[in-house]
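> Kindly generate the complete structure, drawing on both the sequences and the hints.
The lines below spell out each chain.
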Amino acid sequence: MTLALLQGAAPEIGYGTLYVYVGLFLLLIVGFVAATLVIARLIAPSRRSSRAKGQIYETGEVTVTDPWRPFPVRYYVFALLFLIFDVEAAFLYPWAVIYNESITQGMGLYMFVEVVIFVFILATGLAYAWKKGALKWV
Amino acid sequence: MVTAQTFVGLLPEIVVFLFSMLVLMIGVFSPRATGLTAGLAAFGALATFVTAVVLLAVGFEGSFFGDAYVVDGFALYFKLIVAGSAFFTVLAASRWSGRTGDAPEYLTLILSVAVGAMLLVSMRDLFGVFVAIELATIPSYALVAFDRTRRESAEGGMKYLLTGMIASSILLYGIVLIYGISGSAELADISRTFTGQLSPVALLGMVLLISGFAFKVSAAPFHFWTPDAYQGAPTSAAAFLSVAPKAAIFAVLLRIFLEGMPEAAPSWTAVAAVLAIVTMFIGNLFALRQSNVRRMLAYSSVAHSGYILVAFAALQGGGVERGVQAVLIYSAAYALMNLGAFFVIDLVGEEAKSYNGLFKTRPGVALSMAIFMAALVGIPPLSGFWGKAWIILAGAQSGSILTYVAVGALVINSVLSVPYYFGILRNMAFEEPVKGVEEPTGTGAVKLSVYILAIATTLFLFFIGPLSALAGASGLL
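One line per chain: the protein sequences are A and B, in this order.
Residue numbers 0 to 137, in numbering that gives the first Met the number 0, belong to the letters of the first sequence in order.
Residue numbers 0 to 476, in numbering that gives the first Met the number 0, belong to the letters of the second sequence in order.
Check the hints yourself; a few may be wrong.
[Claimed, not checked] Now the in silico label distances, taken between C-beta atoms and shown as ranges: (1) A:F70 with B:G182: 45 to 51 Å; (2) B:G182 with A:F90: 22 to 28 Å; (3) A:A122 with B:P30: 19 to 25 Å.
Worth flagging that the hints you see were computed from the coordinates, not collected in a lab.
Bear in mind the structure is a predicted one, so any value in this text is a computation, not a measurement.
Even glycine gets a Cβ: it sits at the ideal position worked out from N, Cα and C.
Written out as structure tokens, the structure is:
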């Protein structure tokens with residue numbers, strides 16, 4: 000049957016049978032994960048915990064400083080600002096594509112006002128970020 | 000087609016949205032005017048409330064955007080709850096947020112959650128539901144993590160963000176499966192798919208949808224984010240998030256069930272009953288062990304989600320009408336008492352010890368807290384009792400054995416919840432005051448809202464008539 004599938008004879012197989020393949024695949028996944036965990040438990044040398052094991056994982060090194068500390072987020076702010084323009088482009092492009100069509104249907108003004116509201120909301124976000132000094136490199 | 004009617008239907012959302020933008024802009028361009036921004040935010044929430052009241056009073060009803068957005072009595076009722084709790088939250092948050100230095104942002108976030116929750120209760124299209132839920136949830140992640148002076152706040156925010164994203168993806172997966180099998184995301188079309196013998200895909204979609212919603216309303220076994228998020232969040236944020244978005248999510252779940260899958264009622268009432276029983280027991284049993292009042296109230300909010308889910312389990316047989324009324328009445332009752340109980344934390348403190356001897360030192364606050372605690376247990380003339388009474392009545396008429404079991408569990412759990420609510424009362428009445436446990440942070444405005452909420456909780460008896468009439472005419476049935 001598997002061979003038949005490979006040879007492109009899929010239409011002969013009923014829709015319900017395809018669920019059997021999905022089911023088998025799920026079983027395979029569950030079986031693999033379970034087997035991995037069981038084997039790991041069997042062959043792992045020691046399960047006793049110690050102070051060294053309880054420490055924060057720092058790529059195998061001893062942690063030197065407190066991990067709770069501020070770290071610079073300069074790029075993050077720019078990424079967030081980029082999102083404004085990203086969303087704008089993602090929405091404006093399809094809007095522009097169907098705008099001509101909507102004029103012929105008499106929806107032109109409605110579509111225009113709607114997109115102005117949308118751009119206004121994004122512009123408010125930009126104005127906020129600008130005034131807060133997010134555009135300055137500190 | 001968009002007409003003037005559409006704008007009237009969207010008026011409450013437009014008002015609250017404009018005020019949220021205004022608060023943000025004024026806040027950033029004149030940072031000194033914290034009083035002005037707080038006042039504007041409170042006024043905006045109040046104006047939204049009034050707009051919704053007017054729409055309800057003139058009996059405005061309509062369906063817009065190709066039947067994807069509906070304004071009816073049911074939706075307006077929940078918009079009232081959201082706008083009302085936003086008003087009290089802004090009032091209670093004004094002083095605290097002013098001191099953080101980021102007051103406009105905090106208030107804007109609260110109003111954004113309100114916009115999302117208010118849009119949500121009107122949605123009749125599953126994708127609209129998803130977008131509105133995200134609009135209500137994404138600002139709430141920021142609200143939880145807003146208190147930068149406490150580590151728990153960031154921790155709670157992170158946990159809330161991660162579990163919230165998982166919940167959203169599960170919900171979206173359920174929606175997509177339902178969309179795939181019915182070929183449309185509109186509730187009217189979905190109801191045609193959910194008839195007769197359910198196909199496995201439809202069933203899986205429904206279960207995933209319910210699981211996603213269970214995450215959002217913190218029903219067990221999807222509740223584990225709740226205690227950490229609410230303990231870490233600023234008190235006003237925890238109060239608001241445990242009331243307004245939750246009520247809106249319950250409302251839209253009710254609409255999806257009753258309009259989208261009415262003929263699959265045996266399946267989803269059974270799921271709701273099982274969820275309700277597990278949620279009530281887990282919420283109450285864990286609440287018993289808490290010495291931190293904020294965490295205790297978080298678990299109590301889990302338990303109360305379970306109580307409301309019993310009303311969902313009762314939506315079959317003769318219990319449908321009563322069940323819908325129960326959800327409406329319980330949401331209003333819960334909003335009053337839970338907001339009040341959380342605000343008292345701002346006035347007194349979050350350690351149970353801080354409440355010792357409060358009747359001697361601050362009788363007014365102590366009496367209000369006593370009223371909220373008694374209402375949360377469900378002592379007769381107070382608000383919580385009426386919600387529970389309606390749920391029990393609805394369950395008794397449902398004619399399903401599983402629902403009877405759920406109602407029995409509700410009664411048992413009401414008794415189970417007595418020790419931890421009344422533990423606070425005992426501390427306030429019989430213990431000697433302990434000095435210097437915690438500095439209270441709340442002030443005048445918080446005290447005012449606590450008193451108003453306590454009075455409303457006590458006099459809920461007089462709202463019950465109009466509320467149940469409103470619920471009967473809510474347009475969902």
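> Compare the structure with each hint and give your call.
Hint by hint, here is what the structure shows:
1. A:F70 with B:G182: 45 to 51 Å: holds (49 Å)
2. B:G182 with A:F90: 22 to 28 Å: Roughly 26 Å apart at Cβ, these two residues keep to the hinted range, so it holds.
3. A:A122 with B:P30: 19 to 25 Å: holds (20 Å)
Of the numbered hints stated above, none is contradicted by the structure.
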